Structures are given as C-alpha cells and as structure tokens.
Amino acid sequence: MRVVRFGILSATLMLASIPAQAADNSAIKEKAAVCSGCHGENGISQTENIPSLAGQPDQFIQWQLVFFRAGSRKNDQMQPIVEEITNENIRNFGAYFSQMTPPKGAEDKDPDLSKKGAEAAAGRRCASCHTDSYAGTKAVARLAGQREEYLVKALHDYKAGVRVGGGVAAMADVAYHMSDEEITAVSHYLAHLK
Amino acid sequence: MTSMFHRSVLALAAVALLAGTSVVNAQQQDKNRALKKYESGTKEFWTHPPDDWFLGDETEAQKGLAPPSGPPTGASEAELAAMMKKIKLPPGFKIEVYAPGVLAARQMAWGDKGTLFVGSFGLGNVYAIKDNNGKKEVKTILKGLNMPTGLAFKDGALYVIAVDKLIRYDNAEANLDNLGQGKVVYDDMPSYAAHGWKYIAVDKEGWFFLPFGPPFNVGIPPTSVSQIRRVDPKTGNAEVYALGVRNSVGGDVDPRTGKYWFTENARDWVSDDLPSDKLNMISKMGEHFGYPYCHQGDLPDPKFAMGHKCSEFTPPVLNLGAHVAPLGMKFYTGDQFPAEYKNNILIAEHGSWNRHKYQGARIMRVIVGPDGKNAKQEVFASGWLEGDQGYLGRPADIILAKDGSILVADDWAGAIYRISYSKK
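Chains R and S, in that order, are what the protein sequence lines are.
Taking my numbering, the leading residue of the first sequence gets 1, the next gets one more, and so forth.
Taking my numbering, the leading residue of the second sequence gets 1001, the next gets one more, and so forth.
Treat the hints with care, as some may be off.
Here are some chain S residues pointing at chain R (derived, C-beta under 10 Å) [what the hints assert, rightly or not]:
#, residue
1, T1047
2, S1076
3, N1125
Derived by calculation from the structure, the hints in this document are not laboratory data.
Since the model is a prediction, treat every value here as computed from it, not as a measurement.
For glycine and all other residues, C-beta sits at the position ideal for the given N, C-alpha and C.
Please work from the sequences and hints to get the whole structure.
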C-alpha cells in the first residue's frame, strides 16, 4: 500500500506541471491525458486505490473537481493538479468522462460475499441515492464496476470523516455506522455488479 | 455484525412485503409505524447524527424525492444573462447580475469599507467581493471551513460561523489576502452537519442570534438544540433565547423594536401541502415555537404531539407556505424602494426539495407592523423555477446595499444579484 502510494506520488509530480501547458490546447482529450496516468486509459483505472472515472455521472465528476479545487475534499495527488482548473474545464471533464463506457464487473469468485453485500446495501438504502442499477445519477457516484479496494477505501474515508461528501453529508453519516465486515461485503458486491 | 445482517434481512423482507401491497396499505403502514427513536442521550450522538436524518420518515408516495444538486460550477455568465430576463418583478424594479462565480453563495455581510463578504454551503469557502472600478472582483479568502454559511461583520472583524465554531478574523478588510487562522470565540455547539449550518443576526447590543437545528427531520430534540441562542462575541457568554425551533437559517432584528424575527423550515414528509414554513417573532425570551409538538401554529404533529395542544406555543407571525424553504430575510430600511416598502420584510425562499411540484425559489415581501399582527405576503421576485422540479437559481440570502437597492445571494447559480428601483 505504502509502496503503491509512493509510485502514484512520483507519477503525480511528473504530471503536475502539465495542466498549465495543456490549458493551451483546446481538445479536452489532450487535457485528460493528465488523468489517464493514474485513472487509466479510457477512464478505467488499473491502479490500486485509484477510482475508474468512465461512465461516472457528469455532475458527480464536476462536483468532485470543485471539491478538490476548494479543498473541501482533500487529496495530496489531486489538489495540486486541479488548484487552478477553470469552471469551463471542469464542465468539459464532466462531459468527457461521463460519456465513456463504464467498467464491467469482473467474474465474481465469492458470490456468498456478494450476497451479504447486497443485503447490507439494501439495509443501508444505498440504492435510494445511487439508483437501483448503482449507475449513479447527477451528483451521486456510479458504484457498479468500480474497483473493489477503492470502494473499501472510499467507505473507510467517509467513516473516518476524512471525506465528507456533498452538501448534506449523507455519505459520512451512513458510512459511520457501517462495520468493517459490511464495508468489505458491500464493496465486493458493487465491484462485481455487471 | 450478525445483528446488522439480521436487520438487513428484515428490511429486505419488509420491502418484499410492501411491494405486493397497495399504496393505501402502504400509507396505513406508514401511519402505524412507531415513533422514531434516536439514542440522543449518548455522547456519540453529538458527533454522528442518525444516518437517515433527512430521510427515514417518507411515505411510499414520497420515496425518491431527494435534495437536488445544482450545477457544480454555478451558472455561466451567458446563462445568468438569460436568467435575468426571466425574473419577474413589480413595475419599476430591475434585476441584474452583481457578481458571478460566487459558488454556493449563502449569507452576506458588509465590511465597513465596502467589502461584501459571502459565506457558502458545503464548498467551505468564504468570499470577499470588492468593487474594482465597477467590475466586481470575487476573491476566495477562506477555504476548507465546515459549512461556513453564516457570517457577520462587527468592529472591523469578520465573524464566520462554521457549524460548531464561531471564528473572529480581526481587521479583516485590511487582510483579505491573509486572514490567518482567526480566533474561536464560541464553540459550545454540536459538531455535526445535520441542520448544523447557521446564520448570524446582530442585535442592537452587538450580541448574535444563532439558530440550532435538530439533527433530524422530526423527533424529541436532543439536549441544547431546537433553539435560538443569543451569544456575545466579545465574551463568549450565551443564553437560550427561544425554544421549539426546527431548522432556521435566517432572521433579522426589527429596526422598530429590536425584537428578533426569524424564518423556520417546517418538518418534512407529512404531505406536499403540510405543514407550512413559518415567519416568527420572539416577543420575550424563552418562548416556545412548537417543534416537534405542533407545526404552523395549528397542526399537532401526527407522531409527536403527545398530548400537547397548539395553544401552548407561540404561533407564527405568518405561515409562508409548505416546502418554500425560507432562508435569509431582511427588514427593508432603505430609501430607494417606494415608501410603502419601508420596514417590510423581504424573505429569500430557497424552494422545495421533497415536494412533488417545487414551490418557493423566489423573494417574498411581508407587510406587517411591529406587533406582528395581520401580516400578509406577496411575491416580490420570481422566475427561478422551471417545470415541476427544475431550478434556474435558488435565493438564499438578502442584504441591503448603501444606495437602498438589495443584493440577493443564490447558492444554486453561484451568483449575487442586485435589485433596484427607479421611478421612470
């Protein structure tokens, strides 16, 4: 984990100088090259603890960029990259990643765990915001097919109060009450949704 | 853990059961549900409110209604220009964009030297807007605060209230580029976000009226919330000034009497048309405004009335309407508007989130004497609603400008507007 972080950090340092140059290019695709270093080609992450962005709702992408820029979502890798990002580019990135084909859940090798996860998700009413298909909507994230260990990380971040979420702080409130076992099961279930 | 899954299974079973029943049966079941009970006596409750604090009480017919999320980067200047043409005002009044790019703009306060300070919602920013030869320069002067919705300016200092901290930044207008950490002058407040965002109204003695909302829709309030406190920013001394208040995020001191008037958002999930949000006035310290026992002055709570009668509580000055979400308000003390506007109350209505057809998202004018009797209201500015559940903008606060015009903060479009009057 620590080793992986280190790798990400050095990659970030290399990329950190790019946005200023990239801003001169009009094509959003070229600007998004900064993102693909960590978030993967086609918005599908191959990197541990880094989320896939492909198929995330437009508004969700935009909100997270606004939160990173404002410092209300704290992340050492993201903050220097988006510090000077313009509103226009935030809108463009939202449109760009939301139109990509979302990742598909891999073959589920632990259906029992998924079953527990589905029950926990129902008990926590996840679908009432994230939608029945877990594709997300508007400001609410897509969860289906997201990297399993990233979902675990995100839920732990909410639970620990490291990440607050949007205006009414629903995620922090929900995750606080989740046990580690529940988080493991829910994450496994969502990551393998097809 | 086991009990967790057990509960989940039960919930699944309940869902399956409901799925086969008619809406009427579902409503009957909703009615028969036991009083919701929160363990509000525990210390943990003070850091973590119930996870269903703004949901949980909805009926089957209300499921799926959730707070809408605005455009993350606000409205563009082109969108704002188009929006201004859609806003309806009484004859002689004009609306224009005062400043764009003020994301999530909430309460406003003037500095002595003409800086307009603006708080924000979940974004955590505080802005300063300076007039630079007619062009408004918006600067983010504080970042990363916890819902700094309320602020005030007094004796050269900017005060920001960020849920559980009232922070003072001395000599603020001279230090806009580096306000520093500030000094916490009052922090005897719960730390949770749920109805924890606040508003500041300064009274004639320089004390602040601060609202304390309960961390849920409806229930027996845990200790030290559902009240209005009066806090002395100099000493940190505080007193409970009113009780039985749900979620208030706006108020002003009557220039005629010094009494505190405030808006209050009523409980959710009764119906689209009940109960009404309120305008209240505190006649004397310690009054109880009815929550959670009685709503809108005449509606005992279906679950929580528990034998109480509405006549036990201070009635509202005016019922403003259901789900209109009144936030910031000001007495009009300027000279620019027609004379009949003097001492009227202008209320920024944020608009609905859990009504099937949204209402609100406008500015109301309330005409009422200092005794609070025979109040009546009319629409002053409207046009921010589009369709049944669409917003162009959502007014959140109002402040008077020196010239007698008013400024309106909009946390959806992320902008400040100016409304002025001219006879010709």
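Against the structure, the hints:
no. : hint  : result
1   : T1047 : 9 Å, holds
2   : S1076 : 7 Å, holds
3   : N1125 : 6 Å, holds
Hint violations for this structure: none, all hints satisfied.
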